[in-house]
Structure formats: structure tokens, C-alpha cells
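Chemist: Each chain is listed here by its residues.
Protein chains: 4
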Amino acid sequence: MLMEECGVFGTYLKEGNIAPSYVVEGLMALQHRGQEAAGVSYTKGEKIESFKELGTVGAIFNKKTLSNMKGKISIGHVRYSTKGTPDITGAQPFTANYANSSFSIAHNGQIENSEKLKNELEKKGIIFLTDSDTEIVLHLLVSKLRKSPDKWTLEEISKIIFENIGPSYSLIIMFKNRMIAIRDKKGYRPLSFYEDEHGYYFSSEDCGLRFLSPNMKKIRDVKPGEAIEITEKGVKNVQYETQKYSHCFFEHVYFSRPDSNVFGRNAHQMRERMGEQCAIENPVDADIVVPVMESGLSAAMGYSKMSGIPVEMGLIRNRYIGRTFIHPEQTERKIGVKRKLTPIYEVIKNKRIILVDDSIVRGTTMTEIVDLLRQYRAREVHVRISSPAVVSTCSWGVNIPDKKELIASQKNVKQIEKHINADSLGYLSLKGVRKILNFDHENYCLHCFIKNNLEE
Amino acid sequence: MLMEECGVFGTYLKEGNIAPSYVVEGLMALQHRGQEAAGVSYTKGEKIESFKELGTVGAIFNKKTLSNMKGKISIGHVRYSTKGTPDITGAQPFTANYANSSFSIAHNGQIENSEKLKNELEKKGIIFLTDSDTEIVLHLLVSKLRKSPDKWTLEEISKIIFENIGPSYSLIIMFKNRMIAIRDKKGYRPLSFYEDEHGYYFSSEDCGLRFLSPNMKKIRDVKPGEAIEITEKGVKNVQYETQKYSHCFFEHVYFSRPDSNVFGRNAHQMRERMGEQCAIENPVDADIVVPVMESGLSAAMGYSKMSGIPVEMGLIRNRYIGRTFIHPEQTERKIGVKRKLTPIYEVIKNKRIILVDDSIVRGTTMTEIVDLLRQYRAREVHVRISSPAVVSTCSWGVNIPDKKELIASQKNVKQIEKHINADSLGYLSLKGVRKILNFDHENYCLHCFIKNNLEE
Amino acid sequence: MLMEECGVFGTYLKEGNIAPSYVVEGLMALQHRGQEAAGVSYTKGEKIESFKELGTVGAIFNKKTLSNMKGKISIGHVRYSTKGTPDITGAQPFTANYANSSFSIAHNGQIENSEKLKNELEKKGIIFLTDSDTEIVLHLLVSKLRKSPDKWTLEEISKIIFENIGPSYSLIIMFKNRMIAIRDKKGYRPLSFYEDEHGYYFSSEDCGLRFLSPNMKKIRDVKPGEAIEITEKGVKNVQYETQKYSHCFFEHVYFSRPDSNVFGRNAHQMRERMGEQCAIENPVDADIVVPVMESGLSAAMGYSKMSGIPVEMGLIRNRYIGRTFIHPEQTERKIGVKRKLTPIYEVIKNKRIILVDDSIVRGTTMTEIVDLLRQYRAREVHVRISSPAVVSTCSWGVNIPDKKELIASQKNVKQIEKHINADSLGYLSLKGVRKILNFDHENYCLHCFIKNNLEE
Amino acid sequence: MLMEECGVFGTYLKEGNIAPSYVVEGLMALQHRGQEAAGVSYTKGEKIESFKELGTVGAIFNKKTLSNMKGKISIGHVRYSTKGTPDITGAQPFTANYANSSFSIAHNGQIENSEKLKNELEKKGIIFLTDSDTEIVLHLLVSKLRKSPDKWTLEEISKIIFENIGPSYSLIIMFKNRMIAIRDKKGYRPLSFYEDEHGYYFSSEDCGLRFLSPNMKKIRDVKPGEAIEITEKGVKNVQYETQKYSHCFFEHVYFSRPDSNVFGRNAHQMRERMGEQCAIENPVDADIVVPVMESGLSAAMGYSKMSGIPVEMGLIRNRYIGRTFIHPEQTERKIGVKRKLTPIYEVIKNKRIILVDDSIVRGTTMTEIVDLLRQYRAREVHVRISSPAVVSTCSWGVNIPDKKELIASQKNVKQIEKHINADSLGYLSLKGVRKILNFDHENYCLHCFIKNNLEE
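Chains as they are written, first to last, in the working numbering: chain A, 86 to 541; chain B, 86 to 541; chain C, 86 to 541; chain D, 86 to 541.
Next comes chain A alone, as it looks inside the complex (with noise of 0.2 Å):
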């Protein structure tokens, strides 16, 4: 599964202090964009205090941890780590001490030209307490601006960050008495911004804003090279001129919640329509379409709507998945993706079936799902995939492996189909996703289902 690193959420009360209370009920809405740490910064009086564990927000954040966190302004994040251990080095919010003064960052993104920043700045003397990229920031504005923090203009900040860093990034940043929420110029990562008569809310999508109130319509993206600064006064923003955008569209096939409107676009709609798109390029004759829930659900609709051949729930997610008790020494048995995805005999036996997923990384799962499939009887599993092959590794944020281990990268369709035992293979095509993205296209990125730079 591809996952990607991070979400953020940030709140500026009007009135009141519990700004941390909105931003951790923010973070379990985003908790599915990273379940290995969380964390908040707040303010306390002239100062800025974090709490950051490992762990889920719902198991870190409780009634006590509450009460004893209280603001006016705080900002939040949930970290997905791309390491085999936890570290809790590298959870954010990173907060930064400087001239008697301080602010935090919580920063969603991968910066591109991160090796470049930080040999420049480790050529003034300045070290990395951790690994992560966001880190640079703090470094950077300091190393620009030698005053107090409190004393940056968002025109200050937003100049060196636009003209220096590159993308991915969308940020929020605390200080003592405002927030500043900055979105690199091509518009990678989402950013939604909303304001009500309590306050003003930046989350990473807008699914994080839901329990805010019904009436959604005020929320807005933090536009690709916008800073938007809240202070006493309200609102103030500073917009860079940008031209083409290079959306993620990984957004779509996958990270953000189905009922997330990402970009413009609703999730789940999108992966509706790459269902129907695969299922007018990849046509076959079968009985029933099964997805591989709960990713490929929505694509599964969409080809089903377009082919005519009915959804069924072949395939069953168990929900109380956890640690295998039965160990391999102990048997000869093959437990593996059997606890997770049990299918229906009575659905799937002698069936013809349509296999909707929404990608293929290495194809270790997908050749176990088929290998399933048939031990139930399926008479014929045709497999489809409602996103282009995944070829290339990313450096804007998505956690993909080496080519050397994308299957896509390294086999053909053909290769590929015979690899994980299917009758057929069939993905949506790069020109499918341009269609659907009608003449928006030149927005997105697609650079992951590139091959050096040539399409397939």
C-alpha cells in the first residue's frame, strides 16, 4: 500500500482557549494520512508548548492530556513514517526557540530540494537534530530573518519560503499571537481554510472540518502559492503568481477520505469515474465485479455503472485484524492475507470475476488475493486496476518504493498478468486519467506513472 506522510490541522480562536481540543477532534478526522505519531503545539501564556507521542490520536489525546492543554491558537499533526522503527525525533509539530521568542511548524509534504538547502546551511554551522526535511524551514527563516519571530512579516516569510524551498509543502506555522498557513506553488498537497464565528481552521483536508458545522460552503482551499496570515485583525494573504499546478493525483486514487473534496473534486466521484474510465478501456465479459474493499469499493462501483455487470461483496474485510497466533514453525499453514480478506464462497464459486483494486505496488498482495479467489472457485479473475502502473518513485511526498521493487517498473502488462496468475490485466490508461481530468490534466502530477519521462 502506498502511503503518504502526514496530515496537519490548525485553529485561531476568536474567544476561548481550547484551540487544542479542535485540533486533536481535527486530527482523528485525518488520522487515516498517519497513525504513527501525533502531536500539538499550543500557546501558553507567551510561550509555545507541544505534546507529541507515538501512537494514534485516540490513543494519545484523552480528557486529562486535555485539561491540562489549554490556547488560543495550536496547530497539530499526525505523522506517517516511512521508517521500520518509531521515532518520536521526528514527530512534529517542531517547535523553535530563537531570540526570546518561538514559533511551530507542522508541515505536510516532501521538499525536493532538501539535500541543496541543507548543505547550505550546514555550510553556516547549522545542525539537524532530525531527519525529517521540515526541519529546514525553521533553519531557513532564522538563517533569513536575524529577529525575533514575533517581528517576520507574513510578507518576510512567504518570500523566502516561496523563492526557496521547494515543493512539496503545505504548512502551518504558530506563533505566540497569530498563524500563518502557506501552500507550495504548485499546489502538491491539500489545504482547506474555513472560518466560522468561533474561529479560523486549516486542515489538510476538508473531512477534518466536518464536525465544525453543516454548513461547509465557507470553506475554501489555501490556494497554490498562497500564505494566509491570521492575526487580531483577521485575515490577511499574499498570493505568488503560479502557473501550471502539479496536484498529486494520488490524492484521488487513494490517500484522502472518499468524502474529502480534494483539489475541487470530490473523492469518492473521482474514484467513480476511474472505475467507469477502466471499464470502457479494459472491457471483458464476467458476471460480477468484485472490489478488493474498502479502497477499491468506489472505482468498483464506477465499473460496474458503465458495464452494466453488477457489484457483488465477494471479498470480506475483517475488521478485528491483529496478530497471527498460530506461528509458521507451529504448522505448514499459510495464514497470511486469509485473516484480512476472507472471500464469499456462494459469491465468488464458479463465477467469472472482474477484480477492481485501485493499484498494484510490488504485487505480493495481489498474487495472494487471486490465489484466494481461485481456492474458492472463482472460474475466471480478471484483474483492474483503476489507476496507471505505478513505474516511478516519488520526491513530492508519497512513500513508493524503489523501481527495483515496482513490479510495473520491471514487468510488462503481459509479465505481469501471468505473474500474479490472472486471465486478465487490464489498468487505466494516463490517457483515461487526462479524460477524466478533462482539460485539467496539465494541473496534476503524474510523474509516478512515467517511465523516464516517456510514457509507456
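The hints are simulated quantities; they were obtained by calculation from the structure and are not laboratory data.
Warning: the hint list may mix true and false statements.
A pair holds if it fits inside one copy or across any two, identical chains being indistinguishable in the list.
[As the list claims (entries may be wrong)] Calculated lysine-lysine pairs in the DSSO-like style (CA-CA distance at most 27 Å, straight line):
1. Lys-209 <-> Lys-236
2. Lys-434 <-> Lys-390
3. Lys-499 <-> Lys-270
4. Lys-503 <-> Lys-303
5. Lys-434 <-> Lys-303
6. Lys-488 <-> Lys-516
7. Lys-99 <-> Lys-308
8. Lys-208 <-> Lys-132
9. Lys-425 <-> Lys-148
10. Lys-434 <-> Lys-520
11. Lys-536 <-> Lys-303
12. Lys-425 <-> Lys-201
13. Lys-434 <-> Lys-308
14. Lys-303 <-> Lys-499
15. Lys-303 <-> Lys-236
16. Lys-516 <-> Lys-329
Starting from the known structure of chain A, arrange chains B, C and D on it as the hints suggest.
Modeler: Just chains B, C and D, lined up with the frame of chain A:
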């Protein structure tokens, strides 16, 4: 949500001593039948040991716990409790010590004549250490068979149980060197049996046996009125004469995992057919069919197939729910159901919606959902329930509230429609249920759908 | 270390409903009497509810747990278990349901005629759901009094218990609207009683009553052979005729908290006098007296006072012990007792040491300690034990191992001296014990110090 | 209670890769120096990894955590924090990434010129991600040595640290393939060094080395002004010229474990001598000497020896304390200190008591103890403090409150005596301290005992 009380699992190994590991693995798959407590009994030399705790299977058992639990014979239990406060005293299996030996019981069901049996036993000076019906079974066996449990024959045990204990029960009893499974003559609750080269296994639902092998064809039901004994010599059974069965229809409506085959019918497919029949009986012109995830999904698919109106994911269930962090006293906002279910605005707005769920109990949640859809600008909300209205409580193991709390016991369909503020409301009829069950409906218990023994 | 099985606490409030909070507070103070499990029973309307869990009182109970536990009457129990695997089934109090009512029992002790009682009860068709002696009491009362527990009189209850159940027992029984405390006629285990303006309280040791008030003069013992009943009307008691008592001398040696007054004697002061008498009987020329902290401290002070040789803290107990992190397979080093007890080199080196401990059971730990002192250059190590040699096992509640494992049952003093590699070894004599107890020694059980009913 | 901030431990193994296990074992023994957080850094191939968490060593580390932590070189840290809210950001060790390499630091102490150093570094554009003094060391080294940490020589490192950083510091620095330990020229905090056939070890106190071997004679101090480097080639050291030392006297008074040898003196023995001297200076006619366990025990023994008045255990510390279960709003009773310390009535009543403790900070606890003893009928209570009155705060690592909160800064001895309601009060004098330290007192820091640089 209606809830059932418990799932049971048993393992008798032909070789090796990791029967408890098999039981825990099986309980993982039965977790949906009870999350309050879990327990395992197992042989340790000539003794039977137990390990029980409050919590989910995954939280209670781990490598370390299991390393101390070795034995050839083991039974286990997951418990759902109707009481507010979790209480370890009622956690099963129950182990009885008698005449220098012992036996242990895991029970799914609720005994209809428990009061009468308790009174008779109390007259003999017997006390009850728990509130559980199951304890009656232990006392009854001993009070009738005044000798070491090891000398009780299958015939003696089954005669006492079948002739005295009213349904419902699916029981697994373990002794130092054998295991007996018994299912009441009416067959209220399911119980599956499987044998392979390693051992014998009993499970409340056959989904609990899925991890053992792809060759599931050898699974069979313990029949109503049947008692099966496993010893070193193999399998022996006793079959009591039975007449009509009383399979609990709610196993099809809600309890069973969709991939389970219960009473010879696949749960998912049954739900689809209930949705289809509901569509035939309650047609309405609309734009989309929206399931109340996850339980309503199968029925919604059936409704869609029959009506030709497409299923759409208009409501998303948040996988990561937990406590609320913003407390009511802090804000005038009502969060409630919004955190669990979030509508997709783009799917909902301006649409005429057919909302499909499996049942309405008190009506509270459904009222909130309809309200939520209207906030998201649904044009019309037509509620369709894929089972008949629940009007009576249950004495055979389903935790249905008092009639006073059952909305359908207090109001008619029109009144409920108004109460939940739906544009229209339609239930599956009892006639429809009979039709779906074909000529088999007389073998089902439909008691909770019938008021005063008079149909609507 | 010898360990006893359990502590009990009971509260009957004249006003208010937080009796369970009092019980938990009391159990905290009795924690040293059992750390495996803890439980509380309490009235909830007409019912008795229970909450029991494995673990220490502090780990089990908290604000949240207690907020659900309200009642006027409550009893509680801390359990030490002799079995390797912790088992929740044996956690007390035990609650019995009978004849539409119920009662709950907490028991400290071990019933000497339990096998006989069990056999008799089993002949009546009674089974045992636990391994605990305590369950016998429940069954016995019901089998003799076939009516609602609410109608049992104090006279009936105490007659059945005193005439049938062999010691040892200090029992607290709660009903829906009263509480009864009973102590066996021999007075093996302690039990204290206290009344103030808020309510009535029973506690295994009076240290459990310390939190209630500074005015502790009103504390009295429940007398051997006495049963005390608390109802709305106040206190009522029944006193059975008793002859000699059999107070467990090990309560003085080790079990009780130093500040407790047990059998009319302060535990710390008794230990001091045992140390003094041991000094009289086993004089030796040495430089310092070193206690094995913490249990040996009082006795060492006594030894020092009498001998004039100063006490020195030559061994420090590490408060923060836990698991070992360097595993034996990884190194040839033996860590063992060194992590718990560390000698102070400057105090130990070149010194002739009198090492004072309260008892030797198997001899393993003492051997390690002597070895450790020699590694730290002690010149001589003279071991002094402030109680007589333990040579027999116990049937009244002390968890003494089999004779085969008791070093003093297998070896004489000279042999033990050699085994533990001491320069000399001296025990307090039985005569010395009698002298300390003055003319009261016939009211004490000294059974574990006596081999085959013949003194050394 | 005064508390210090931290303990450090380091291991460089000659063979094998379980250095982190040794470090965790050592941290267990240093747990008394900090319970808020613990952490370990270790080599993993060419990288340095860290694992830090809030909580005690025993709660954080286990077999599973350690199984992922393998390396030849490892350092660790236990942290006590002065802030109310535990904060993971300040947990050590700190690891800095620079110039494609990294190094990690564990620090015990507090840097007196930290503000000046921070200002200088901030002028160079350096920010601080934590509130910890320790971070200064990382930045300072890099800002002075602009090359890969692997190329920094022992001479360069020690020169920068000794010439720039004010005391107090006992530092352990690890690199990919070597370890350096440095102690400030004044020797405020202790640091021990040990070598055996398996490796090299540094520990804040030598009690942390106790588990390694009985042969502790090879332990030596890292000297004030000394830096020791461990590489594959063995040990190398640099010694800076030093003049007078400033050993922290509070290490003797309270911090160190009694079995530790700190500044060449055993902690327990020093405390005894302080008690003796206090007796000489503050004689009083009384019946018994009662220590405030556990910290006052050694001093009480000294007082007793000198005065000839016997030590008695009149106050027992409850090992199992935790939260209070009966809340103030529920009862007029004040529980407070009574749950932690309980007097023994039989020891206390009618006695003239000399109560010995190591220090009085705010006076709150002492007032409660005296009150408690009077409730238990003590005839007289004479308080003796085995160190001089604490009148000034500390800049070198001891968490002493503001002068306003220090009772001895606000009141004279007579006034304090009255405040705590003692019959008499006596402190050890500064002259007495000097006498105990013989001619070595000029090598100690006694700053917190001195008001305005003028002695009492």
C-alpha cells in the same frame, strides 16, 4: 444496534499441544459476536486451566500469554454483555470442579426456562455465582449425574440437556480428554464443525474456520438436536428427534459476518435478497440508493439491483472514531453521529435518496442520519429497512430493549416516518421474509417481528 | 519469601454512598498482603455488584472506575496466589445469587477441613467453580439455610460457620442491607473493627484504618469466636466460647506492616524484641549489624540494642527493580540478587558482619547474599535469623513450600551454615519465642517451627 | 523534595552488539536520578538511532524494544524535569546530523552561562528546538568545527567545551565509532568510568556499574577537567588544568544512592557523619531518634550513634502509594501525608522524639509530619536537619525553588521552628559541613546554604 451475546470455539488436536492458539485464532474471527470479554480453557496435564479477561481478543492474548497455555484440548468464548458495567464474573468459559475432576463450558444463547431451572436447583441448595444462564447447565449436569464428570457418557449428557434445558444454546463442553458440542433442538444459534488431518474444530460461525484451510467443503453444521463427541477414538454423535426448527432470523439480518454461512445460507446473499424484496414491496422514484455502512451495504446492493437505481456511497464511516474531545458544555455544537458517519456532499446534494439500513430499534440514530442528510441538502430521504419492524423483545439471546423503548412497538409506520422526518419509510414485510425463505420459513424464529402474536 | 493469602476490608456507611471508595483506600493500605488481584463488591439498589481484576489496587482502581461504584455497603479483597499463572477466577469477593437475593464474601485464611467439607457438599450435588476454599463457605450456608439470605439471622450464620468450618478464617460477609464479620475461634488471622460518626469499618490489619482519623483508640479486634453484625440499628454481636487461641506467629515475623497492631502487639516492636532475644541467644563478636532490608530492619535494631554492636546500612534495596535486560545467554555474568540488593563497599569491607533477616525458606537468596558480601570483602558473615527455623508446612493460610524444599527440614543448623557459607548461623529459639510472648505463647500457632510435633 | 536533573550512562563494547542492553541495565540503577523520561542512542551500521519515551526505564524498555536495538556503542539518559507537564522534546540523548554524519549527547548538569552562549549562537542564525541547555553543546561544537564530526579530534572537542561552556556538565558523547566522556573543571556532578574484558562503561554514579562484576576496584572517576576517548585502539585522555573543585554537596545530602561513592566518599557514610555532627551541634534530651524514611535513615543512625539515643522506626513509608480515592469534596478528612508516612503509635506515644530528615525546602511536608506525630501522642518533637538550611537557589543543576518559596530564606531558625510547630529545631551548621569534609571543603559547592554570599 441489536447485539447478540457471544461466540464459541473449540479445538481438539490429534497431535501437538497448541490447541489454545487455534482457539484464539478462531475467536479473532468471531470477535464481531462479542467485544466485552474473552476467555480460553485448556488442558494442562490432568487439570483444566482458564484465562479470561475483559477486552478484545487482540488486546488480551499475545505471544507471552499463549506461551503459558499449552494443551491438546481447548475451548474459548467471546462475550457481549447487556449490562452497563463490564463484569469479569460473567466471562466464559466456566469451569466446574467436581469429584476430583473438572469440566468447562462455553455457551452461546439464552435459556428460555432459566428461571424455572434455577428455582428447582435452588431448592436443592444450589447457589449461583454468576448472573449467567450458562451456570445452570453446569449444576444441572452434576445434580443429575452424581459421579466424576469423566464417567459421564455422551448419551447421559445429551439426554439431560435436551430434555431439561430450553433453547437457545450452542454449547461446547470440554473434559480432561474429550470434547462435546451440543446444539438445541430448535437450532436457534449456529454451530459449525470441521475436521482435518490435525484435529477437530467447532465454531459459532464458519468464518471462524476460514484460517484452517481453503478446503472448506468438509465444514458441516452441528445439527439441531445433535450432540457430537470427540475422543481419541474419533467422532461419535447422538441425534435427538426434532420437529420444526427456530433459526434466529437476526443472524441473517445483522449478526453474522457477511462471509459466514449460517443455517445453510450465506449471510451476504441473504441480505441482498432482503434488499431486493424490500425494493419490490416499497418502490419509490429516486436518484440514488445509499447504504448505512457497513451493515446496510449488502441490502442496499439488493435494493439497487431490483430497482435499477444505482448504489452510491453517500455516507462514509470513519474507521478511527473514539471519544469526543470537544465537550458539549464547551460549545453549542452537536457533534454526535457526525463523527461516525459523514455524508459526501457532492453525492448527496439535490438528490432524492433511498437510505437503506438493516433495522430501526429506538429510532434515535436514524433520526440523526436523516437530519444529517438534509443538512447536506438531500432533496428527499426515503428510508428503507431490509427487515420487518422489531416490535417484541427476545428470550433466546438477542439483546432487544423493552417494548417501551422499541419505536415500532409504540408507533405505526406513518408515525415513525414522521418521527424520523423521512419523506417515506418502508420495511420488508413478514410475508416478504417468508417468500425469501421459500418454504423454509417455518423453521425460523420471527418472534421479534410479531406483536402480541398477531401480525401487523 | 513466605507469603500469606489475602487481606480483607469492609465498610458500612451511616450516610452517603461512597463505601467502595473507602474500601479501595483501605485495600491500598493492605496491598502488602496480596498483589495478584483485587476486587470490590458493593450494593447497587437491591443488587450486589462486583468489580475484580488482576493487578495491584492502584493499577485497577481509578476515578473513572470508582465513579461507577456507589453504594452504602461494600467489601473488598486483595489476593496473593500460590499458583504460577495469575487466574481471575479465584479473585474475591465471591458473590452468590440465591432465592432472588444475594450475598458476597471476602475471606482471609485457609480452611483446614476443606477436603472433608467439599466431599460432603459434592455428595449433595454441589460443584465448585473455583479452586478457592472460600467457595465452601457460600455453599455451606445455603445448603443449611434453604431460604433467602436476607432472612438468615446472625445466630444462624455464626452457628453454621463456627460449628462446621475449621480455621483459619477472617471473613466479611455483605448482604443487601447489612454486613457481618466473623473470625475463627482460634484467631489465626487478624481482623480489626472501627466505628466513627460516618460508618463502620473492618480491616485485616489496623493500618488499613489509619486514613480515617487520628483517633485510633476506638479500634478493637473482632475477637476469636466473635461474629459482629452491622445493620441500620447499629452493632450486634455473638461470642462463641473459645479456649486457647492459635494466632499465627508469622504475622509478627513478616506479614504485617510494621505500624500494624496485630493480636494486641505492634509488629515493629515485636520484631525488635525478636532481634533482642536472638542476640541474647546467639552472641558473636562483630563490628556491625546489617539488616536485609526492608523486612530485617526492625529485628536488626533489636539485635543492635541488645548486643551494643551498631546497625549499619550495608545492603541497599533498589526501589526500581524490574526485568533483567541482559539475558543469561548473552553473557557469562550472573546478575540475580545483585540488582535488588547492593552492598555498600565502604561499610562492608574488612568488617565482621552480623547479617539479620527474618527467615530462611529455601536458602537460595541467603546463599547469594552471603556470597555478595564476601565479594565486597566482608571479613566474616554471621547470619542471624530473628525467628525459629521453618521446618513444616502450613494448613492455615501461609504459603510454605513442601518440606523437601525447606532447607531447615532437610538440614540441621550446622549444615545450613555450611550451605549458605556463613561463618556462623543462629536462629531465634522456640523457647525465645515463648519468652517474648510471655505467658501468652499458648495462644500462638508455632506449628511451622516444629518438626513432627517434636521440637528440635 | 529537591531534585536533580538527570543521570547518564555509556557503553562501548569490545565485542558483541548488545551495548543498548547494558545501557538500559545501567539506567535502571540510575533511575532515582530521573523518572520523567528515558532514552538510548546506539549505532546501527553507519547511523545513530535513538529511542526515547516518557516514563520510567522499566516501563519503556522490554525484550521487544531491545530486540530492535543492537549496536556496539550506546549512550543513555534518565531525565527529571522541572516543568509541570512532561515533554518528550527535552528527553535525551540528543542526536545531531551534520555533514553526512552524526553524533549524540547525554548530559547531566546545568550550564551557568547558557544565556550568553545562546545569544552568541543565535546571532549566527542558530535556533533551538528544545529548552534544554544540552542543545547548546551540539551547536557550539559544530559552529566551531565546520567539518564532519568523525574528523573532530579529542583535543578539539575538549578545548571547545572546557574553554566555552560553564559548569555544570558530565557529558557522554557518542559518534559512529567512538565515545567521549567529559566532566567540567569544577567537578560539580559525578561521573564514573570502568573497563573490563567486555568493554568500557561510564555512569553518573558507580552504583550503575554494580551489575557488571564484583571487582569494582577498577572503577575510577572521570576527573574534573578530564576528557576520555574510547576507540578501537583503547583509551586516550586529555586533562585540563584545574584549581579548586566545586562538588555539589547535595549529592551527599540527598541525590546519590546510599551505596554510591561520589567524589570519593560513600553516600551512606557521609550521611551518617552529617547526622553525628548534627548531634554534636544540636543536642537535646529525648527518648528516641526517628528517621523520616527513607532519605533520613543514614543520618538518623549517625545522630543516634553520637547521642546514644536509640533509633526507632516511628514512621513507616507505605511502599504502595498512589492516587487518593476519597476526594476532598466527599469528606472533611484530610488524608495527605498520612497515606505516605504512618507513625507507629506504640513507638511514638508519650515519647520525646528527635525527628531526623535531610532537608527542609518549603516546610509544608515537615509541618504535616510534626502534626501527625502529635496526633499520635508524641510528647515532644525535636526536628534535626542533617544539612544546613537551604537559602539560595542553584544554577548548576539542582531544582531549588525561588527564594520566596524557600522557608529558610524567609524565616530564621526560631521562626521556622514555630512554623512547623516543633519543640526545637536544629540544622547542621556550615562549619559542621566543613569539619566533616576535613580540609576538602574548599572543593565543594555550598552555595545553596549561603545567603547573599554572607554566611548565617
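Chemist: Give me the numbers of the hints this structure contradicts, sorted from smallest to largest.
Modeler: 3, 4, 11, 12, 14, 15
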